[in-house]
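Novice: So the protein lines, in turn, are chains A and B.
Position one of the first sequence corresponds to residue 7 (the numbering used here), numbered consecutively onward.
Position one of the second sequence corresponds to residue 206 (the numbering used here), numbered consecutively onward.
Everything labelled a hint here was simulated from the structure, so no lab data went into it.
Hints may be right or wrong, so weigh each one.
[Unchecked claim] Think about it this way: if two alpha-carbon atoms lie no more than 30 Å apart in a straight line, the pair counts; the simulated DSBU-like pairs of lysine-lysine are:
(1) B:266 x A:98
(2) B:481 x A:121
(3) A:319 x B:266
[Claimed, not checked] Stretch by stretch, here's where chain A covers chain B in the computed footprint (C-beta under 8 Å, at least three residues):
(4) 497-507
(5) 594-608
(6) 668-675
C-beta atoms are modelled at their ideal positions from N, C-alpha and C, and glycine is treated no differently.
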Amino acid sequence: MAGYQAVEVPSDERGNIDLARLKELCDETVAGIMITNPNTLGLFEEQILQVIETIHGCGGLVYGDGANLNAIMGVVKPGDLGFDVMHFNLHKTFSTPHGGGGPGAGPVGAGAALKNFLPGPVVALAAGGSAAGASAGSADPGQNQAVYTLVQPSQSIGRLKSFNGNFGVLVRAYTYFITMGGNGLRDASENAVLSANYLMSLVKDILPPWYERSCMHEFVTSAQNLADGIHTMDLAKRLIDYGFHPPTVYFPLIVPEALMVEPTETESVEIIDAFAAALRSIVHESETDPELLHEAPHREMVSRLDEVLAVKKPVLKSIRTERL
Amino acid sequence: MIEVGKVSYIPHTEGDRLKMLEQLGIKTVEDLFRDIPDSCRYPEMNLPDGLSEMDVKKRLKDLAGRNKSSEEGLWFLGGGLYRHFIPSVVDSVLSRGEFFTAYTPYQPEVSQGTLQAVFEFQTMVAELYGMEVVNASHYDGAAAMAEAGLMALRCKSGRKEIVLDSGIHPEYIEVLETYLEGSDATLRVGRPDENSACFITANPSFTGEIRDLKALAAEAHEAGALFVVHADPLACGILESPGACGADIVTGEGQPLGIPMSYGGPTLGLFATTKKLIRKMPGRVVGMTQDGSGRSGCVLTFSAREQHIRREKATSNICSNQGLMALAAAVYMAAMGKQGIKETAQLIYNKTAYAADLLGGLDGFNLKSEGPLFREFVLDCPADAARIAEILQEREIYPGLALSRFKETGGGCCGGGSECCGDSAGDAAGTASECCSDRELLVCVTECNTKEEIDLLAEALRDAAGKAAASAGSGQEA
Chain A
7 MAGYQAVEVP SDERGNIDLA RLKELCDETV AGIMITNPNT LGLFEEQILQ VIETIHGCGG
67 LVYGDGANLN AIMGVVKPGD LGFDVMHFNL HKTFSTPHGG GGPGAGPVGA GAALKNFLPG
127 PVVALAAGGS AAGASAGSAD PGQNQAVYTL VQPSQSIGRL KSFNGNFGVL VRAYTYFITM
187 GGNGLRDASE NAVLSANYLM SLVKDILPPW YERSCMHEFV TSAQNLADGI HTMDLAKRLI
247 DYGFHPPTVY FPLIVPEALM VEPTETESVE IIDAFAAALR SIVHESETDP ELLHEAPHRE
307 MVSRLDEVLA VKKPVLKSIR TERL
Chain B
206 MIEVGKVSYI PHTEGDRLKM LEQLGIKTVE DLFRDIPDSC RYPEMNLPDG LSEMDVKKRL
266 KDLAGRNKSS EEGLWFLGGG LYRHFIPSVV DSVLSRGEFF TAYTPYQPEV SQGTLQAVFE
326 FQTMVAELYG MEVVNASHYD GAAAMAEAGL MALRCKSGRK EIVLDSGIHP EYIEVLETYL
386 EGSDATLRVG RPDENSACFI TANPSFTGEI RDLKALAAEA HEAGALFVVH ADPLACGILE
446 SPGACGADIV TGEGQPLGIP MSYGGPTLGL FATTKKLIRK MPGRVVGMTQ DGSGRSGCVL
506 TFSAREQHIR REKATSNICS NQGLMALAAA VYMAAMGKQG IKETAQLIYN KTAYAADLLG
566 GLDGFNLKSE GPLFREFVLD CPADAARIAE ILQEREIYPG LALSRFKETG GGCCGGGSEC
626 CGDSAGDAAG TASECCSDRE LLVCVTECNT KEEIDLLAEA LRDAAGKAAA SAGSGQEA
């Protein structure tokens, strides 16, 4: 990628970045590190300050993946931790619709070191303009209207997109923002983290967390200790029979038979309890009637589809038009 | 910290929270955040309190009111995004929760609606483009074109150059340059040769000119380069498809297919290629297969190319698509049908021809675009085009895009004519200032513009040109 080489840093025994290994890797050739924090195991990096210090110490920069921002809004600011640049997944944190896979939007925030390099255009107050009337809560926006303009940051890496970005998606996120307010965003994070820990504790005897720690807004467990021949995918597909959309499976890659569960702040206690009960029931079935899991789902319009056939005999558009 | 009832859609009551805390054996939710360094935990936030829905609506209405809508006044602005008629059924289908809020279709058994919609989208785009394979979409037309360039570099290892025809949108060229940053590949405007991985043309060009794709395909293939066409999907309603003309890769901006301009996005990147090149193709693709009982169903397929499996060795860093926008295009194409798309394209062609003829014949104005036109043309004005647009804007007439805006941003070639810089090889960047005259106006005509509107525009342009010339003469040019 752009003449750089990606090097993976392993996790330590508590699911944090292995600081000792990181220190070995850090030298003058390191451009920077990408960190998801809370990480993909759903854990907050306990040594995040030392990790960032190590990278900065060798002249590198720190890029934060905003994928798990839902856990920490109003609880900790990535900028305070020392992140230099970070993207935000508006569909993950700010309630913009998933749309079956897009459109997303990935605004990027940068600190002093990188702000002039951001891709453009960026909205700025026009010269001589006043910020009065610009705040979200302005009572009388007709007065002292701020005047805005589009600018290209002075050392911008250039355009990544034509026109002005996924504006319609930004408007939805903005609406969510001003509806929630600062305190509301913190409430969302606190409730999301509370729900995840609650669910984790309900099922830890049958599906123990991969790392025995408080989690953030999601936790990772593994199906590897279930009955012989039962895989995470079987569990996931059987959940469909119980009326639940399966959680993320086989991710993160470092956990065998991974199951990553993220209830978020929007699932009620009743639903979380029902989900835990479904998992319990399925784990029981995995011992008494494993075929129920292997053949799941049973009640959808299709059951498991042959993905090998899809590649071997590709049908990527309707046959009908091929005859035309 | 949690204030009861503050945010109504969080379902937990205080009782729920107590039950959960009790289960966890902790007193407060703050206890769950102990892993965060003390010095950074619970910082001061300079954010306002939440607003009620009533106040939110007022705020948004106020902000929206500060924009001019394309529904108001006379609208002849294009330049990459276009005002087209959108059948009501498009929004109606899009806003259904089953599509609007559905998750990425990683679990095909519970995602057949999304997957079949994308499959039908692929089918209809394949038909319009005359191509064998269409993917599940890219972020926008510019990203799709940039990805086509990268794909060509993968297909033609050893060749390190992307060559652009004249008439590529300047902002698209900027995006291509960003995508190529740090690689050893180069970009230039000119004719393809033995070093070129691909030759990219736009049909119609940025300035509305319809290209002779067969001739350009022959030129590209003669040089051993892949032929990439950035094709307007609606124009394909009346033109021979790029596939039939020999394209190896076709990209497009799908916004004309039922997607509003929305200040620049979200739009829809279209991407098509041949069966032969499928494993080099970026992006998600949906395929039809069968379950154990022989029932047909759709899945995301050929995933082994993608970043969530191949990581940094993937064919692209794209990790999503424009799901809902692809659905909009699918619903639009289904609602319009073969005949509807054809008739719309024909209407646009006819109205563009009428407007080009009328406006180009005005005193002091000249038509700069050459040959058959689709939707747009460059009008050489007797005065500064930006000034003319500014004068008319006060009367809610938007006569088009003054091309002088592309002088500063660099980018590529704005004019498509033979006198344009497109024929002079050299860096793609930095050539715009030589060809974007202050007097050039890019006028856009769609099926939404009536003959009366075009006639009114002609009159308005004549008036405004007089005023602009007068103000320039008195030294007050803006």
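Novice: Going through the numbered hints above, which ones does this structure break? Give me the numbers in ascending order.
Specialist: Per hint list: 2, 3, 5, 6 violated.
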